[in-house]
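**Q** In case you want the letters, here they are:
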Amino acid sequence: MKMKPFGKKSLAMMLLSCMMLITAACGTSSGGQVTGEDTANAAASDSGGSSPVKVVWWHSMSGDVGKAAQQLVDEFNASHKDIVVQAEYQGTYDESMNKLKASLGSDSGPTLIQVYEIGSRFMIDTKAITPVQQFIDADQYDISSLEPNILNYYKFDDKLYSMPFNTSNPILYYNKDAFKAAGLDPEKPPATFAEVADAAKKLTKQGQAGGSFAIYGWFMEQLLANQGAELLNNGNGRTSMATASQLNSDPAVKTLDWWKQMVDDKSLLNLGRKTDDTSKAFAAGQIAMTLDSTASLRSIVKAAGDKFEVGTAFLPKPDAATKGGVIVGGASNWILNNRPEAEQKAAWEFIKFLAEPKSQAEWHINTGYFPITTKAYDEQNVKDNMKQYPQFQTAVDQLHQTEPSLATQGAVMGVFPEARQLTETAIEEVLNNKKTSKQALDDAAKEITSKIEEYNKTVGH
Amino acid sequence: MTLPNPPRSRSHAGAIPLNSLRVSRWKERLLAYCFLAPSLIVFGIFLFYPLGKSVYLSLFLTDPQGRIAEFVGVDNFTAVLSSDQFYNSLWVTVKYILLTVPTGAAAALLLAALSHQKLRGMKIFRFIFSLPMAVSVGTGSVIWMILYHPTLSILNYGLSFLGIPAIQWLTDPKWALPSIAIMTVWLNLGFNYIVLLSGLQGVPDDLYESAKIDGSGSLRTFFRISLPLISPSLFFVGVVSIISAFQSFAQINILTKGGPMNSTDVLVYNIYQDAFINYRFGSGSAQALILFVLITALTILQFKFGEKKVHYQ
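From first to last, the protein sequence lines are chains A and B.
FYI, numbering that gives the first Met the number 0 numbers position 111 of the first sequence as 110, with every residue one higher than the one before it.
FYI, numbering that gives the first Met the number 0 numbers position 79 of the second sequence as 78, with every residue one higher than the one before it.
Note that these hints are calculated values from the structure, not bench results.
These numbers come from a predicted model, not from an experiment.
One or more of the hints may lead you astray.
[Claimed, not checked] Not everything, but these chain A residues come out facing chain B in the computed CB check (under 8 angstroms):
hint : residue
1    : N97
2    : T125
3    : R272
4    : A283
5    : E417
6    : E427
7    : K433
Built from N, CA and C at the ideal position, the CB exists for glycine as well.
Could you put the whole structure together from the sequences, leaning on the hints where they help?
**A** Following this line, the structure appears as structure tokens:
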């Protein structure tokens with residue numbers, strides 16, 4: 000048989016089929032997108048006469064808290080016909096912020112994003128946001144009823160760049176029944192480091208440890224602020240851009256020594272970095288004390304159920320006379336400046352809705368975050384809730400008793416998330432006997448300082 | 000490959016002018032590239048372009064958003080090569096390979112040898128042993144996260160019956176890496192098992208028969224006949240396992256995030272942290288290129304020395 004190479008016709012056919020394969024592969028994906036958008040547009044234009052403005056809100060609220068957030072969004076959408084807020088859960092604060100970083104410079108990002116407090120410096124430095132202050136000034140919006148401590152945290156150069164939304168601070172949770180069983184007064188929770196250590200020892204018995212603190216950098220920051228210690232130089236990065244970490248200060252070393260001593264005593268368990276794990280152990284009665292955010296209050300009380308009574312107390316201090324207080328943790332909402340003006344304005348409407356006393360009251364009751372506006376405390380449902388769950392009062396009192404200072408105003412640096420990771424590694428090194436507190440914190444402070452220097456260099460301050 | 004060409008072209012040369020021959024050669028080449036095009040395009044987009052970009056990025060400092068900020072030459076490489084973190088990661092990676100590769104291959108080989116027998120119901124066991132292959136890394140990690148939970152761990156519950164105190168699987172720096180290694184061995188077991196079992200099944204029966212006639216016991220038969228004959232499969236499992244151990248990421252990201260005390264911070268996770276959490280693309284790329292050189296060197300070594308011991312039929 001004669002072996003004839005492919006003829007002109009068959010070659011053309013082959014080329015054609017190759018091309019078809021390639022274009023078909025690309026074609027389907029782009030085709031899919033187009034139809035997706037079409038239906039979205041169709042749905043949008045169906046709901047209102049003139050198509051409403053769509054605001055995409057990225058948030059990091061999961062579980063019960065996520066449901067409460069969605070509820071607020073639904074209420075807003077029901078009462079504002081011209082705006083549709085689409086809430087999208089983007090994972091933890093860290094994950095959400097990484098997605099935002101990846102989307103900067105393209106138009107795949109959101110209109111509004113919830114960012115944790117320690118991301119504030121970074122968000123300002125991106126220059127990708129519209130400061131909320133612009134809308135406040137344009138609207139002559141009254142912010143005098145906002146909680147002063149919260150405003151303190153989020154004001155930079157006397158300007159509000161973002162609107163606080165969910166704010167919390169850490170409190171000590173304790174098991175009242177276990178306290179009774181150990182012969183401790185359940186109405187007089189430990190307030191100082193020594194008292195906590197003492198109670199932890201007494202509470203430790205077969206199957207139950209005195210307590211457990213998650214290895215969470217936030218707790219370290221809060222325990223330091225609670226004794227008036229600043230985390231960074233240059234007034235905690237508030238008077239001017241921070242250039243060095245002060246994580247290796249005496250108060251920090253003493254705090255870590257105290258923590259380590261309890262772990263050595265076996266009265267404090269090391270359950271790793273996740274507060275999720277400590278709160279589960281607390282609910283299961285395996286530990287009698289734990290540190291956690293007030294935002295977990297609702298779910299911790301729910302998980303304890305009828306098994307035991309949950310007590311809440313202020314974050315402990317080295318001794319009763321120490322001055323200081325807690326930093327306002329939580330997150331705020333930022334408006335991105337690459338979206339159309341109408342969309343940004345719509346996002347501002349949503350922000351205003353979230354700040355209303357009624358919304359904040361509902362949010363507070365459903366979660367344990369405290370209201371950002373003092374007017375919310377006048378709402379009847381908040382008063383009723385305080386009566387039913389007196390534990391909620393602790394967080395509010397702790398916030399109001401905090402004396403404003405640079406320490407309690409909170410540290411500001413662009414590399415905060417990374418600094419937190421380094422702090423957590425340092426704590427682990429101490430608890431696992433690899434380094435002494437002083438040594439570990441010295442090393443971490445040095446590392447953080449070099450990261451800050453690099454950040455300042457690339458941001459160009 | 001070129002064997003049938005000369006006689007054919009000669010006969011053609013007689014019939015067709017030289018010019019049209021050149022055209023048909025050219026057409027054939029074009030056709031070859033046409034067939035290659037899809038994979039070339041895919042490789043280009045997903046491998047060669049990123050590789051080139053990595054080289055480029057490794058020479059720069061990036062700002063926190065990952066944008067190029069400053070040209071720094073080889074500073075990123077010197078910084079990486081002089082940092083303790085990098086050597087810690089390298090050491091963790093080596094330990095991780097030692098913990099997963101030999102054990103993974105040995106466990107799979109044992110199961111394959113056991114289930115190679117011709118017994119009733121063996122198919123069920125083969126099915127069970129290859130099952131981990133159907134589990135994705137993400138799902139597997141979540142399952143093991145629950146098994147390793149610090150307070151609700153079912154493994155610790157089992158140990159408590161034996162009077163062994165609870166182990167902090169993922170939060171104790173001594174245990175974290177072995178825990179992840181155990182999980183990885185289990186996860187890769189299905190694939191290794193299938194490869195080795197098919198290797199065993201490829202050994203001709205007459206070899207076993209003559210061994211039997213010569214009076215060889217089952218252990219001797221296994222080590223003297225089966226093992227040398229499945230050495231190509233073992234070699235393959237070895238190479239693939241080492242490469243996949245170098246690239247292990249998902250289980251570490253889900254279970255420990257490189258902690259506690261960086262005890263599970265393997266190179267790939269360190270690169271991920273540098274590049275995609277802290278947006279330091281420069282040093283991330285530099286590390287990735289160093290890893291690339293390491294894997295290439297190791298694979299060449301494996302082929303040079305390991306393959307000598309391999310017996311191809």
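**Q** Take the hints in turn and mark each one as holding or not.
**A** Checked hints:
1. Annotation: N97 (chain A) was flagged as interfacial toward chain B, and the flag holds, the nearest CB pair being 6 angstroms apart, inside 8 angstroms.
2. Because the closest C-beta pair between T125 (chain A) and chain B is about 6 angstroms apart, less than 8 angstroms, the hint holds.
3. The beta carbon of R272 (chain A) comes within 6 angstroms of a beta carbon in chain B, closer than 8 angstroms, and the hint placing it at the interface holds.
4. Among the interface hints, the one on A283 (chain A) holds; its C-beta lies about 7 angstroms from the nearest C-beta in chain B, closer than the 8 angstroms criterion.
5. Restraint check, E417 (chain A) versus chain B: the minimum CB separation of about 5 angstroms is within 8 angstroms; hint holds.
6. Taken as an interface hint, E427 (chain A) checks out: its beta carbon lies about 5 angstroms from the nearest beta carbon of chain B, inside 8 angstroms.
7. Hint status for K433 (chain A): holds, given a least beta-carbon distance of 6 angstroms to chain B, under 8 angstroms.
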